[in-house]
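Next come the chains, spelled out residue by residue.
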Amino acid sequence: MRLYILPLRFSDKNLLNNLSFALENSFKIPVVISSNSFSLDGGMDPLRDQFNSTWILSQLLKSEAEESCKILGVTSVDLFVPVLTYVFGEAQLDGRAAVVSIYRLRDELYGLPKNPEKQKTRLEKEAVHELGHTFGLIHCQDPRCVMYTSTYAEEIDFKSREFCSNCSSLLEKKKEDLLNKERAPLKD
Amino acid sequence: MSLQEKEKSVNILVVDDEFSVRDSLTKWFKSDGYLAESAANATEALKKLQAGHWDIVFLDIKMPGVDGMELQQRIKNIDPDIVIIMLTGYASIDTAVKSLKEGAYDYLAKPVDPDYLSHLIEKIIQQRRLSRENILLKEKIQELNLTGQTIGKSPEMSKVFELMKSVAATDTPVLIKGESGTGKELIARTIHTRSSRRFFPFIHLNCATLSEELLESELYGHEKGALAEALYLRKGKLEMVDGGALFLDEPALLSIKAQTALQRAIETKQFSRVGSQEIIKVDFRLISATSKDLEILVKEGAFREDLYYQLNVFSIAVPPLRQRGSDIPLLANYFLSDMAKGMNKPITGFSAEALKFIEKYDWPGNVQELKNAMERAVVICQGPLISASELSIPVMLEIPLNELSLEAAEKAHILKVLERMRWDKEKTARALKIDEDTLQSKIEKYGLRK
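Going down the list, the sequences are from chains C and V.
All residue numbers for the first sequence refer to my numbering, where the first residue is 1 and numbers rise by one.
All residue numbers for the second sequence refer to my numbering, where the first residue is 1 and numbers rise by one.
Be aware that a few hints might be false.
[Stated by the list, open to error] Sample of chain V residues at the chain C side, in silico, Cβ under 10 Å: (1) 14; (2) 16; (3) 18; (4) 23; (5) 112; (6) 114; (7) 118; (8) 119; (9) 203; (10) 205.
[What the hints assert, rightly or not] Here are the simulated DSS-like cross-link-like pairs (lysine-lysine), alpha carbons at most 27 Å apart as the crow flies: (11) 177(V) - 292(V); (12) 174(C) - 123(V); (13) 175(C) - 27(V); (14) 237(V) - 281(V); (15) 27(V) - 159(C); (16) 30(V) - 175(C); (17) 123(V) - 159(C); (18) 181(C) - 30(V); (19) 28(C) - 30(V); (20) 62(C) - 30(V); (21) 101(V) - 181(C); (22) 173(C) - 30(V); (23) 30(V) - 174(C); (24) 62(C) - 27(V); (25) 27(V) - 173(C); (26) 299(V) - 281(V); (27) 159(C) - 30(V).
Quick caveat, the hints were computed from the structure, so don't treat them as lab data.
Keep in mind it's a predicted model, so treat the numbers as computed, not measured.
Positions of the beta carbon are idealized from the N, C-alpha and C atoms, including for glycine.
With the rest of the complex left out, here is chain C (with noise of 0.2 Å):
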């Protein structure tokens, strides 16, 4: 089981190494920076100039063959889903593909200073909160878990970027379920 990232319209190569540090040392899995980039124009809603999270899903599960893998979609576009005004990502519940964009985490956006040290840390939560989806796990009522909801910017700054206990132990055996499944085929 690996987990690769793929930037789609995002040029910031540190964040990006940044951000595989932070989720090979959250997750525990290769994490792998993918050149499998494509076109993102497909999902581009004219009349809200945004980018359609959900069609940016499919394309990135069309992206990676590998059947084991969690393919993470990193993009500096606003994203949303046709009932929201926006989302800071999208993910499948108990599958592979998850969508983050940095564009909603900048302070600039909101007329504030640039504060990259900040902009790194809560894209780092929310891959790691979104991929959490992508392992089934669901928002968490702790607010101090990764998986803690977060609707606007600065509440992604109050929780930390772990998992707490319980989500933890979920997730662990989540990966354990599919590494048990990735090694089935080699018992036969």
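Given chain C, work out where chain V should sit, using these hints.
This is chain V only, laid out in the frame that chain C set:
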């Protein structure tokens, strides 16, 4: 909260003809741990609504066939408690107002702000939890008020229950007459809990403690600074009772001045707080209880006639316990099991001898005295059955019918007073109007023991 707990608590149905809306909303709710499903049209939605339990329904207003507005009415017929949130791509004030009038909880224009949606769901869940708790608490209170408090199978009590039943649902003032300890307040509370005013306050006005000085402040309340000690605004009992029932306990104990003030307030159902000119109108039902014969007091000029007629529209006479002998074992057993349960003691009943004593005693303090005796017995009882010696009732001194001498009567009387005074010899001597030495010699003479 685990996924299972959340799924149990809130079920959400999304009804929209647009796949992307159904898909994104159900995914959003599932990631929050709720059980979320969707329906593409009214027919599919109605099938799901009838097949399962739903807490919240998101409903698109514009759908082909049966639209959201019509479906909203049908959903309300299936389950009026379902929270409906209307969704529309075309925000129009008219439609919003109409849907809210039809009972929708909120109205959202697509696309929805995710922060608003999250808070909306949290608010609904919190309100539903509070509302459920409220219903449970009200049921519990009703149960507490009705259970056991007015027990009786005797013809006398059956008549009282019939009267309570017929008057409870009306708004008629009720006067409950009966000796002390017959449970007049419980009857008043039961009438209130069976009336349409049951979810409004039951305010107890204890006339025995209502002095003339306190009367106005107690009844009408006061503004801050209206009186020397009025540091804060205080609502009076008449203001607090609005919508509920005012229970006047022993109105015969009110002074004529107090009766006049009360009579005026009852008649007009309006008053002003002390220190204020503002007229406050209130609506309440009047329930009174008396152990005195108000009619006689009226004739003697000690009770206002007009107030008497205001109180005595429908009267219920509660018989003393000695007149409803068949209820005594019933009540004794009820109090015994209730108290044994409360004190966690494995007591199952009375010995045959104890039961005989309970039935024979005339219970001058009525149900209250019986209840107190049972409580004491449960406290000291060691075995599974309460024995005669564990009952502190004077009837324990059995006087053989052939012993009708003055001495036997004196022995019985001294023991009775000793029991009443909990064997405090000084008090007993004072009550008997004899000195302590005389009492001691009589105790020895008759061989009286605790």
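Problem - Hint validity - residue 23(V) Cβ closer than 10 Å to any chain C Cβ - result: 7 Å, holds
Handout entry: Pair hint outcome, residue 123(V) versus residue 159(C) [Cα-Cα no greater than 27 Å]
Key = 22 Å, holds
Problem - Straight-line alpha-carbon gap residue 28(C) to residue 30(V), limit 27 Å - result: 26 Å, holds
Practice task
Could you grab the alpha-carbon distance between residue 174(C) and residue 123(V) and see if it respects the 27 Å cut-off?
Solution key: 32 Å, violated
Problem - Satisfaction of hint between residue 30(V) and residue 62(C), Cα-Cα up to 27 Å - result: Since the Cα atoms of residue 62(C) and residue 30(V) sit roughly 24 Å apart, the hinted pair holds (cutoff 27 Å).
Practice task
Decide if the proposed pair is consistent with the structure: residue 175(C) and residue 27(V), CA atoms, cutoff 27 Å inclusive.
Solution key: 22 Å, holds
Exercise for the section: Compare the distance between the alpha carbons of residue 30(V) and residue 175(C) with 27 Å, and conclude whether the hinted pair is satisfied. Expected result: Within the cut-off at roughly 21 Å; holds.
Handout entry: chain C contact restraint on residue 18(V) - CB to CB distance below 10 Å
Key = 7 Å, holds
Problem - Proposed proximity, residue 173(C) with residue 27(V) (alpha carbon, max 27 Å) - result: 23 Å, holds
Exercise for the section: Starting from residue 62(C), check that the Cα of residue 27(V) is at most 27 Å away, please. Expected result: 20 Å, holds
Exercise for the section: Have a go at the residue 205(V) hint: is there a Cβ in chain C nearer than 10 Å to its own Cβ? Expected result: 47 Å, violated
Handout entry: Distance restraint between residue 159(C) and residue 30(V), which requires alpha-carbon spacing of 27 Å or less
Key = 21 Å, holds
Taken one by one, the earlier hints fail for this structure at numbers 9, 10, 12, 21 and 26, listed in ascending order.
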